[in-house]
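**Q** As a plain string of letters, each chain reads:
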Amino acid sequence: MTNNPLLETKSIRKSFGGVVAVRDVSFRVSHGEILGLIGPNGAGKTTLFHVIAGKEQPTNGTIHFKSQDVTGLRPDQRCHLGIARTFQIPQPFSQMTVFENVMVALHFGAGQHTGSLEDEASRILARVGLDRWASEESSSLPLGARKKLELARALATKPTLLLLDEVMGGLRPNEITEVMATIREVRESGVTIIMIEHVMRAVMGLADRIIVLHHGELIAEGSPAEITRNEAVIEAYLGGSAHVSS
Amino acid sequence: MTAPENKKPLNNLLILIGIAAVLGVVPLVTQEAYFLHICILALLFGALASSWNLINGYAGIFTFGHQAFFGLGAYGSALMSMKLGLSPWVTMWIAGVMSAALGCLISLPVLRIRSIPHIAIVTLAFAEIVRIVCSNLTEFTRGELGLWGIPPFTSFSLPLIGPVTFDAAHKVAYFYVVVLLWLLIVGITYWILRNRFGFGLRAIRDSQIAAESLGLNLTRYKTMVFALSSMLAGVLGAFYAHYVLILTPSSALGIDIMIQIVAMTLIGGIGRLLGPTIGAFILTFGLEWLRGFGEYRMLIYGVLLVAIVMFLPKGLASMRFGALRRRKSTPSP
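Chain order of the listed sequences is A and B.
Numbering-wise (the numbering used here), the first sequence opens with residue 215 and increments by one.
Numbering-wise (the numbering used here), the second sequence opens with residue 465 and increments by one.
The following block holds chain B by itself, in its conformation from the complex (with noise of 0.2 Å):
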């Protein structure tokens, strides 16, 4: 299956495998409360960044209503654990095939528009109606006043390692898990981009006459690749709600979701496999970092994005691979 243009990814995977050895022995180091509360912020953005990257990076349609599955995850994982008294493990899938479902419907809409600022526009609408609708249900969602009594995640016992528990100080457990989520979202990514799902995307992203003339249906691959991409947002989501154990409106639903996701895929690098995992590091941990700068913070933050966005426009990702290859494939005709 490898053909000589598949390096790029093939070279993916084994940094992939050392960020995710690296990674498990983290809490073997540290486990200070407030470092894997950011480690676990980064890769959760990094993995929720990772499932727009499908849709927009490599299926080019330019959704920015993102935050809409991320947060009816949330929402819908809290809901029924507590409602229903079901386990956050088992709610959490559930969550995500109701974003699934949702993103199908907003796939409907979406198949007939192909002008990139309409299909943007029409999903920041879409997920604006979600937002408003969970802030008024207020009997249900509590509104503005935030969701909250959500029960953590169950806690086990592990054969070898003995019981894994799940609370605020133990932030342990709730890393791991985020590390997991985070491999099986860039993973299903790196498996997809091998494929004949992953050329499909690529080519509807380049040239969707072309694709169809190709005997690629449109409508299939694009109402697939939103339902993926949705289903593994409606996922994370849910791990925010059992993690976090509040929400609100404007914490799961809110649009500067969207700008951190769309910030961090852009500097990471937008269509690359690992390219919103740095994004999102870089911006959780730049952001942690500033702090120490006070009031300047954020205007030192600004200009950094600007100088990124303007200087490597394809992204931090794009930046070593891209002299690797050139070395790479100069000798070789």
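Isolated chain A (complex conformation) (with noise of 0.2 Å):
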């Protein structure tokens, strides 16, 4: 590695109280990477993410994005930068047309805009396949189209490294191979990903690299191929007896 990555975490503790949900994690992302991270349900991999983009301070280590020190700036700044991400559960703004919900990620976002802000929310619609959508009130949408319109949100902000918190989650098989296609091409486009995600045929087919979280440590890395014959992640999916339970 001899090119600085542009993410790199040192260390990143987060602890709520006496629970500690995330535990001196450190990895690194190269440019034009997709990163998959894994692991069981409660295993920390949201709490990372909320780490990551600033909605978090972590108790203990370093964020450092594009060789700069993020660890104390808020989520604004860091969408500044270039650092966006999608939710879990999604937050789209109720009371807004689909179209106004990418307006406010467009008018806020990094992004420098030569064209009409109007004409670019309609090529992002178009892109994750929501087009129809767009004069909807996103109150009305069901779950797969939420999920794209996160999606659609994080990438109007014009982001250099896009968090995908379970984007496939709830989206029927066909939407997740389009869905892939377009994350594949948000990829060519010189987007870096960190993908959390729990349909393993996506983050197989997708990921150069995956790391693996378990009760807050990570505790493998390495390509898809190794990963899926890992023993110590095998065994925290399917669970030693003392682990069941999480």
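No lab work stands behind these hints, which were simulated from the structure alone.
Be careful, since some hints might not be right.
Residues of chain B clear of chain A, computed beta-carbon distances all greater than 12 Å [unchecked claim]:
(1) Tyr498
(2) Leu500
(3) Leu601
(4) Val773
Pairs of lysine to aspartate or glutamate residues, derived as DMTMM-like cross-links and limited to a Cα-Cα distance of at most 25 Å, are as follows [what the hints assert, rightly or not]:
(5) Lys372/A with Glu334/A
(6) Lys280/A with Glu222/A
(7) Lys778/B with Glu350/A
(8) Lys269/A with Asp238/A
(9) Lys778/B with Glu431/A
(10) Lys280/A with Asp422/A
Label-pair restraints from in silico Cβ distances [what the hints assert, rightly or not]:
(11) Gly651/B with Ser330/A: 48 to 56 Å
(12) Thr273/A with Pro777/B: 40 to 48 Å
(13) Val554/B with Thr273/A: 53 to 61 Å
(14) Val490/B with Ser330/A: 35 to 43 Å
(15) Gln326/A with Leu550/B: 44 to 52 Å
(16) Leu572/B with Pro356/A: 37 to 45 Å
(17) Gly329/A with Arg658/B: 14 to 22 Å
(18) Gly651/B with Gln326/A: 57 to 65 Å
(19) Thr273/A with Leu550/B: 53 to 61 Å
(20) Thr442/A with Pro777/B: 47 to 55 Å
Glycine residues also receive a C-beta, built at the ideal position from the N, C-alpha and C atoms.
Since each chain comes alone in its own frame, lean on the hints to assemble the complex.
**A** Now the structure itself:
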């Protein structure tokens, strides 16, 4: 690794009271990579995303993005630097239309705009396959469309690093294939991606590299093929008796 | 700039211009003092509720102390014009700036709170502090005895129209001033809604964490909307002071002002451009009309309020527009 990584976390720890949700996690993400982040429920994946995106401050450790220490920055500041994220539980602006939701991201995100924001918004909606929903109030969307809206809004901020928190969850199989194609295309356009995903078909098909969290600790790292053979990972997912309940 | 989704505010703009035009001719039809007085009050409260609608209906921050800014503007402008001899035309804007400053101050604790009931209580407590301070600063405000001797707006002369005089007998001039103030506030709201600022406010209302993650600086936006909303309330308070010419802490700073604002906004339609104005007219005129029912007046009033809130939770403004929009959007895919 001679090149500077795009994102580097050093010994990230996040505790809530006595509970340690993320325990000393260090990893790097290179430019243009798709990194899969997997682990059983409650492993601390979303908390790690919160820490990277700035929603939560880490109890310990630092985050460097584009070689800059971003640890103390607010989410909006990190967004302007180029970190965008989706939420596992969609957070649409429910009293706005789908189109307006994307407009918010275009207005406030990191992008420099030359053309009209409206055209840009239409393009993004078409890109994620939401164009026919454009003038619907976002509260009326089915779950799959809400997930796509999360993706559309994040893309509209013009990110360098995109954090996808289970965008495939709740999608139908054909939609998963569609969104996988969109994600590939986003990467082709130069965006680096970290994706939390439970849909194995998606994460194994897309990720160049996968890291595995279990009880807040990073227990494995490798190519998708390596991860599927990794014993610690199999143990964590299928459960040794001590871990079944987690 | 016009996206298909912005049709709703565009429709409202035409209505806005229509209403302003109709209001403009009212004094040409009748100059009956009592009727104009009720119109002035309705417009004043419509404008005041609209200024609150900015912060509550659009930014979704449920404050319950808007009367503090109204009262500060009223007392501030009255005292400045009395003690410093400045023209009310000048002091009303200074009072607005004072209210904006106070708004920024109270936004500081509110910025840290996301729970609706807590924000309501903090802002209410703050408004009560302002009221109590005002009623105890007797050598300055004369407290509950009431501040009187407030100068009316300075009269002036307009090229084509001739002298414009402001005194209790001449309500026409006051009427036009309040129409302009109302237009100013609703116009600002209309303009904001179509801009980046408006997108920001509505985003804050719907999801603060999403807004923040998409690059919106919550602190800056909340402080800005607090300052703006308070300033507008302050200017309206100043108008009130130079119109009624007597102020008491309970008339200018009492919680019943806030209750009126909430009732008008809910009935007319929260988060709707003209909702608060519609609510203000219905409540102000409704209460006058119900005088014929004698002691049953408040009972009927209460029942009507409950019925509207129950059956039209989005307010009267949602009723017609909702139907219009549905009819329009069905044929186009």
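**Q** Work down the list of hints and note, for each, if the structure agrees.
**A** Evaluation of the provided hints:
No Cβ of chain A comes within 12 Å of the Cβ of Tyr498/B; the nearest lies about 40 Å off, and the non-interface call holds. Annotated as non-interface, Leu500/B keeps its C-beta farther than 12 Å from every C-beta of chain A; the closest such distance is 37 Å. With 12 Å as the threshold on Cβ separation, the claim that Leu601/B sits away from chain A holds: the shortest Cβ distance comes to roughly 40 Å. The beta carbon of Val773/B sits about 19 Å from the closest Cβ of chain A, which is more than 12 Å, so the claim that it is off the interface holds.
Pair hint Lys372/A plus Glu334/A holds up; C-alpha atoms about 11 Å apart against a cutoff of 25 Å. Among the hinted pairs, Lys280/A with Glu222/A is consistent with the structure: their alpha-carbon atoms are about 9 Å apart, no more than 25 Å. As the CA atoms of Lys778/B and Glu350/A are separated by approximately 18 Å, the hinted pair is consistent with the 25 Å bound. Proposed proximity of Lys269/A and Asp238/A is supported: the alpha carbons are some 18 Å apart, at most 25 Å.
Restraint check for Lys778/B and Glu431/A: not satisfied, since their Cα atoms lie roughly 48 Å apart, outside the 25 Å limit. Proximity of Lys280/A to Asp422/A is assessed by CA-CA distance (about 20 Å); at most 25 Å being required, the pair is judged to hold. The hinted window of 48 to 56 Å between Gly651/B and Ser330/A is violated, with their beta carbons roughly 24 Å apart. Checked against the hint of 40 to 48 Å, the C-beta distance between Thr273/A and Pro777/B comes to roughly 43 Å, which is consistent with it.
Look at Val554/B against Thr273/A: about 55 Å separates their beta carbons, and that is inside 53 to 61 Å. Distance hint check for Val490/B and Ser330/A: the Cβ-Cβ separation is about 41 Å, which falls inside the suggested range of 35 to 43 Å. The given range of 44 to 52 Å is respected by Gln326/A and Leu550/B, whose C-beta atoms sit roughly 47 Å from each other. Range check, Leu572/B to Pro356/A: Cβ separation about 41 Å, and the 37 to 45 Å hint holds.
Under the hint 14 to 22 Å, the C-beta atoms of Gly329/A and Arg658/B, about 19 Å apart, fit the expected range. Distance hint for Gly651/B and Gln326/A: a CB-CB separation of about 31 Å, inconsistent with the stated range 57 to 65 Å. For Thr273/A paired with Leu550/B, a C-beta distance near 56 Å keeps the hint of 53 to 61 Å intact. Between Thr442/A and Pro777/B the beta carbons are some 52 Å apart, a value that agrees with the proposed interval 47 to 55 Å.
Checked against the numbered hints above, the structure breaks hints 9, 11 and 18 and satisfies the rest.
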